[in-house]
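**Q** Need the complex rebuilt from these two chains, each delivered in its own frame; the hints are there to steer you.
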Amino acid sequence: MTDFFIGIMTKYNYWLYIILMMIGLYAMIVKNNLIKKIVGMNIFQTAIILFYISIGYKTNATIPIIKNAHGDHGTGAHKLIIHAADYINPLPHVLMLTAIVVSVATFGVALALSVKIYQRYQTLEEDEIRMRLREK
Amino acid sequence: MIKTFYPALLVIAPLLAALLCSGFSWIQKKFCYPIVLVGLAISLFSAFKLLMIVLTSGTIQYRMAGWAPPFGIEYRIDLLNAVVLLIVSAIALINLVASHKSVLQDMKEKLGAFYSVYVLFVTGLLGVVATGDLFNLYVLLEITSLTSYALIAMGDPDRSPIASLNYLFIGVIGASFYLLGVGYLYIMTGSLNMINVADILQNLHGSSAVLIGFIFCMLGLWIKMALFPLHIWLPNAYSYTSISVGRLIAPLMTKIMVYVMIRLMLNVFGFNYIFETLELSKVVVWIASIAIIAGGVMALAQKNVKKIFAYIIVSEIGYMVGGAWLGNQTGMTGSILHIINDAVMTFALFLVVGNITFCLKNAHLNNFKGLFSKMPWTMAGLVLAGFSIIGVPPTCGFFSKWYLILGGIEAGAYHFVGALIISSLICAILFFKIFEISFFESSIQNKQQNEHKNHDKIAGITEAPVSMLISLGLTSATLIILGVYSDSIVKNIITPFLTQYKMVI
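Chains as they are written, first to last, in this note's numbering: chain V, 7 to 142; chain W, 34 to 538.
The reader is advised that the hints may include incorrect statements.
Derived EDC-like pairs (lysine to aspartate or glutamate); straight-line CA-CA distance at most 20 Å [claimed, not checked]:
id, chain 1, residue 1, chain 2, residue 2
1, V, Lys37, V, Glu134
2, V, Lys122, W, Asp191
3, W, Lys402, W, Glu496
4, W, Lys394, W, Glu496
5, V, Lys122, W, Glu142
6, V, Lys142, W, Asp189
7, W, Lys82, W, Asp111
8, W, Lys336, V, Glu141
9, V, Lys142, W, Asp191
10, V, Lys122, W, Glu496
11, V, Lys122, W, Asp139
Think of the hints as simulated: they come from the structure by calculation, not from any bench.
Note that the structure is a prediction, hence the values are computed from the model and not measured.
Bound-form chain W, shown alone (with noise of 0.2 Å):
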């Protein structure tokens, strides 16, 4: 076992940040934004660390306090969760950077306030990655969906906390099932400890109660993860709150659960139990091609381009699942990539339409008409995190597309292929309606507006300010890079991380 104190590190940063930014709120408010900011660059290291040492010397147990793993909370960073670290955090403390200016744009009188509850989220987030144990995973779950609340009804005034609290009796009760699924767990194990409970359960295959336990687990999972039919939060919530916090929560928290889902299909449940004592693969797959489906064609009929995103992110939401359950080591593969690329595609598409609402204050399709040759260098991004969406090859999302078609093609799941495919044409029907509108059609109503006014200067390029481009052009950047190195990603890090549990059904 190694000893590094970095596991703790990573959590206990943020919350103090959190901590510290509360009281300082009181205080003078100007110093928030640089304690959130260290807090946030000193967990984004230690993951950095975590990965470096997990790459090189294999699994990391942390125990809390020093108590052994049965009764004390264990800390587990193996390959698959020092990525997911890495990202959550580089995506926060990029976030944070990026939306300085529209925060205090936005909310001057709640600044403090918002920033606790910012840092808070992320370490909830970066706990519930770490955790190898059940019980405390549903207590960072739920310090998630808590700040996730607030910071939802931040946004809009008229609508937005109305999103918020229906987003919140549906969280309860996705929270709740999972606890209910761990109860009964306890009750068949009398364990908590993931390591621990997964040995216990290897002879208790047939019993009900832990199916039951499996489905709950499962079901709550699901609901928080806005799986299709589990979907209706979702949207309004992402699309009526302030950007600056959709364009932390969008990206992340439903990556997260599908990260959840995997790590208890692995590590906890065991592929033999899922796929050969159950057999519930082949009635997920379907679930998931609908979604896939669905959340596409919802998309198509929407006219404001923050809730085409949220239900873009629906479809990709499908996309995991089914890869996750297809019931071999390709479709996992491309699962666990795709929870990587999806959270670095979706973050990219939130940044552009940060800079697009921070410019114009609204994010409607009608105003988007002649936007290149306004803002030529965040529609550039919006292109390019388009094509990853849609799955145009040097980008990161051909190469997760890629390894969900050939999963699916071993797995003779045709359904799931054709539903990847399809959902990949409507993409780009999607994008290149946007594009089409803001390239070709010319904002002859904005012209008209700055003629009477005499406001001559506004009609050339009106960009974000540099932060939010810059913030843009390295997520971008990092979309064609994920691309390129998908290869080594996927040798050095995901197959040696699939290998140790036998996918061979």
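The shape of chain V in the complex, shown without the other chains (with noise of 0.2 Å):
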């Protein structure tokens, strides 16, 4: 049983984002309300980012920036010693730029067609929209 805890401890990380994601799948599933349903896609797809962010992470590390690689015109740099242990992998954090901008965007064209289907509808809930269909 401590083996158990001991392994959620170590790599509690995956457990969270596994846990957000399953919330935002719940959320998109189940709720009623579109607006919900939006939010719940939106915690989804901030799980995937925390997941990614995570992954970077190294303990007793820093930000990717080196002192004075720049002074000498750029012939510092290849003089310093650099320790890939030391610094924090960035690559994951810009790619998840790129994912940010990407999940912006899709709850944007989310809220604009949801804002349509009000003007339409007058309703935002799923089973009344379902049944105005029905009536058609």
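**A** Right, here's the structure in full:
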């Protein structure tokens, strides 16, 4: 039993992202209100962003900015000895900048669509919209 | 390595066209159409040039902004994606010309927005096909998806926003799963370039993280391509949108996702990993067989022709996925050939629906009565496209089905062969039902209405505009040309491409 808890504790970042992702997925599937679904979608995407951020992390490492590297007009960087273990991996973070843009854009499109639906049906509850559709 | 700028031009031309078009839509709306036309013509030209270069001198590796592959983004054009690029850009251009009149009719005030989103969608598709970088593929996939949500919402004002929102929810889940899969691959390999990842993965076949990455990537792509149990978003999204959009998205989107799946299977994970280490092929071929039958049966139940064709797409996805997962070269050949053929076939079908909705405003099966005498050229196109979907020999649909069946027999997957044959029969029933209604049943109702309103002139031929008919004629001719020359396509393009990979189990 303790092994199980230690397994969770050492990899808590993965468990956290899985829990967040499931919350988002639950909201997307179960909720009746379209705005709640959209928020669930955003939680789902944010969970994946957190997953990527956490895989770039290293213990006892710092941000990947090398001091004085540009001091001698570019020649200084060659003389410095850089230990990769001292710096966290910046690449997943850079990738997630793009993913954040994508998720914001998706959020915007989804909200625009729900505005269009609201103008048409005067409601955002999915079952009411379905009822209106059946009447037609 | 060959120095050429065409891979960049291919993607940048439509991107710039989108930018210019949205700018000009504020000033003078009539410039939008020519700008987009020029942009897509440039990408068609570069796709053609790329195919010629690849055929004579092999794979092109283009480094974006000059950064070397493991760090920079590489555009990699080989025989497979050169052909797919040509098909995508040709269909986008022909559809633009064909839908010019109906766009003017349907969305007069949204002209600029429509054209810029349209051309941005094509940019995304071309990028997805050309890129050799896993994360770049995700970004371009999202560009394609976001624009397709916007395009689909421009259709029927009652239902299309809801269909589009449902598509958005499912599409986001699919793309996010793909992103998650790429994340697991990145944890194991530390690289995002497809070739580089494939090299590193060769020593990691037992790893469970790679397995999770593989499953997430495939699941994401299957959601995006609407493989049978995950297909629910497709029929509504494709049938409630306006036809000029449906014609673009229906033939291309799902086919490009199949292409991405094949690219990942061959280039990233490798045949050995999928078929020897995992032994998943039997399960997937079963799913594909069920998808083929289920798509056909659901198509039989529909009354709207747009929905019938949408369910036929679900069935065709089963063909391609099954063929790719049979695990032999013949099946893979059939699958790749079917990507090309099915894009053209579906495009021809939706062109026919476009012509009919342009004249009748509705694609319900009851309105088809007496249509053969009213719109003879359009219905001739429907007959050709229908024969191709069923798989009648001179048209291209027969040849890819032939390779798929041969591959199925070779792999011993007789359920897949059976599903293929049953689905051909179902398609035959579907199309002959449409032919029967439109050829033999005369439109008594219409005649009565016409007499009532003293509109005797309408009783004759009322065809769609010439630009639509020419596009349909061109596409239908391509169906036969692809069929006649399918042997040389296989010999010169698909077989040389597939022999690079060791496909013997």
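**Q** Each hint needs a verdict: does it hold in this structure or not?
**A** To see whether the hints hold, each was checked on the structure:
no., hint, in the structure
1, V:Lys37 to V:Glu134, "holds, 13 Å"
2, V:Lys122 to W:Asp191, "holds, 10 Å"
3, W:Lys402 to W:Glu496, "holds, 15 Å"
4, W:Lys394 to W:Glu496, "holds, 13 Å"
5, V:Lys122 to W:Glu142, "holds, 16 Å"
6, V:Lys142 to W:Asp189, "holds, 13 Å"
7, W:Lys82 to W:Asp111, "holds, 13 Å"
8, W:Lys336 to V:Glu141, "holds, 19 Å"
9, V:Lys142 to W:Asp191, "holds, 10 Å"
10, V:Lys122 to W:Glu496, "violated, 35 Å"
11, V:Lys122 to W:Asp139, "holds, 18 Å"
Against the hints set out earlier in the document, a violation occurs for number 10 only.
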